[in-house]
Amino acid sequence: MSDAPIIVCRGVGKRYGRQWVLRDVDLEVRPGELLGIIGPGGHGKSVLLRLMAGLVQADEGSVTVRGKDLAVVDNFELAAVRREFGYLFQNYALFDFMNVADNVAFPLRQEGGIPEEDIAVRVRARLEQVGLGHALDRFPNQLSGGMKKRVGMARATIATPRIVLYDDPSAGLDPVTSSKIFLLVKTMHHSEPGVASVVVSHDIDRMKVICDRYVMIYEGRVLFNGPESAIAEADPLVGQFFFGAVAAKTLRP
Amino acid sequence: MKPLANAISAITASVGASALNIAETIGGASLLLARIIRALFPPRVDSDEVWRNLYNVGVKSYPIVVMTALFVGAIMVIQTAFYVQKTGATGLIGYGVGFSVFAEIGPILIGLMFSGRVGANNTAELGTMVVTEQVDALRALAIDPLPYLVVPRFLAMMGMLTLLMVLGDLFAIVGAALTAQLLVDLHWRVLLADLLQSHLLDEFTMGIVKAACFGVSISCISCYFGLSVRGGATGVGRAVNNSVVSNATAIFVIDFAVGYLYSL
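In order, the protein sequence lines correspond to chains A and B.
Numbering-wise, the numbering used here comes out as the position in the first sequence, counting from 1, plus 1.
Numbering-wise, the numbering used here comes out as the position in the second sequence, counting from 1, plus 160.
What the hints contain is simulated information worked out from the structure, not anything from laboratory work.
The reader is advised that the hints may include incorrect statements.
Claimed, not checked - Okay, derived cross-link-like pairs now, DMTMM-like style, lysine to aspartate or glutamate, Cα gap no bigger than 25 Å in a straight line:
(1) A:Lys69 <-> A:Glu112
(2) A:Lys187 <-> A:Asp4
(3) A:Lys69 <-> B:Asp206
(4) A:Lys69 <-> B:Asp296
(5) B:Lys220 <-> A:Glu112
(6) A:Lys181 <-> A:Glu112
(7) B:Lys220 <-> A:Asp97
(8) B:Lys220 <-> A:Glu234
(9) A:Lys187 <-> A:Asp60
(10) A:Lys209 <-> A:Glu234
(11) B:Lys246 <-> B:Asp345
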């Protein structure tokens, strides 16, 4: 955890029209850590994730990945940066004209230079790891929500990215499936040393099981940044959110 | 006077907003065309996507093009037969059918059918990919959506509409010959002989050029509206509606422009 940060956000702000959804966000993501971004819905967590991946540009401040400022890199450099990422989208974002195997194989085929036989072996192995070895030929519309999430995770991690971003991996799933998905996130994270994972969710109970550190976004700003042990000294809102309003020692009126 | 001033202000604002919308569409589609052309030199295209689109755009469209062309040929014979028989100038029926089918009615009707089937479908498909984050997923995988999604559609629509127009011309003649034989009491050989003697190569090439231009405009407009979708399912519906209207308008404008240039 002592390595140099792989992602650095400094004074990041993002607005849509006149509405600022993020302001003055400072945070770092280090290799090997599993960072949880928590906070109420609609307070800018997913936008922060998209900023980290360079899918949207910051309106103020800077986002750097391995020292490269995403606002100033050209398209080729941005593509090179993005190849470091795996991204699980909230709504799966599976390509509906491809079957499960082709969806998962897609990042490898786009890399180029990998023989089809090797791709097939890696795809089958990854899908078996997420419990979908039987569903290679199915199309996304033939899968349940949990299965789609697992296909999305397999696709996000098949090319062994150094940074994996998970946008609300338990959204719309039942508690049992959610627990399985979070355990898969943990398994994926530890399957490759030095991988940085960032998980956005408000499912605190399941985040507690897997995360090393938390950043709480509230009304577009960082309200807390640290491990669970530091929450007692943080703003009372963090305790309320993290432990539940009833269990929190200090309640904001 | 104040209500009148308000009414004039509202009308002016409405006209201004419409003009801005039209300018935005033309500008957006033109910029997209420029980016497509730039992506073609040197070619950065996914060949699997090109083949998939050639099949979806071309093979799946040919039944509707054949059906349209058969009826276009048949209708032109019925419309011209009345006057031709009245004057006894049966030698003109082949020329009349050929001229109108090759140069005007064929390209326009086939272009409109193609835009309704392929253009609307393309806008809906790309729009759905936008709202379900599939386009973002491509970008997250370091893949530029333009060469991967747009350029194959552009090549497929331009190439296939041109080929479909040749096919359409052929079936329009078949429709005309069948109608002449069965309904107008004119032997099909007479119609074909007259058609071949009319030297309609210019009209034929004009129709093909129009088809290629329609293919360019349908692909650019439908991709532009598809990739500009905002606001979920409602946004997709609105984009498809705008795409169909804009494509139909563009077809008539291009038909006029190409026809005018050929007349010079």
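Hint check results:
With a CA separation close to 21 Å, the supplied pair Lys69 (chain A) and Glu112 (chain A) stays within the 25 Å bound. Restraint check for Lys187 (chain A) and Asp4 (chain A): satisfied, since their Cα atoms lie roughly 20 Å apart, inside the 25 Å limit. The hinted pair formed by Lys69 (chain A) and Asp206 (chain B) fails the criterion: a straight-line CA distance of about 29 Å is larger than 25 Å. Proximity of Lys69 (chain A) to Asp296 (chain B) is assessed by CA-CA distance (about 21 Å); at most 25 Å being required, the pair is judged to hold.
Pair hint Lys220 (chain B) plus Glu112 (chain A) does not hold up; C-alpha atoms about 31 Å apart against a cutoff of 25 Å. Under the criterion of a C-alpha separation no larger than 25 Å, the hint pairing Lys181 (chain A) with Glu112 (chain A) is inconsistent with the structure, at around 30 Å. Taking the CA atoms of Lys220 (chain B) and Asp97 (chain A), the gap is near 19 Å; set against the 25 Å cutoff, the hint holds. With a C-alpha separation of about 65 Å, the suggested pair Lys220 (chain B) and Glu234 (chain A) falls outside the 25 Å cut-off, and the hint is violated.
The hinted pair formed by Lys187 (chain A) and Asp60 (chain A) fails the criterion: a straight-line CA distance of about 33 Å is larger than 25 Å. Only pairs whose Cα atoms come within 25 Å are accepted, and Lys209 (chain A) paired with Glu234 (chain A) is accepted, the gap being roughly 18 Å. Using a Cα cut-off of 25 Å, the hinted pair Lys246 (chain B) and Asp345 (chain B) holds, with the two alpha carbons roughly 13 Å apart.
Against the hints set out earlier in the document, violations occur for numbers 3, 5, 6, 8, 9.
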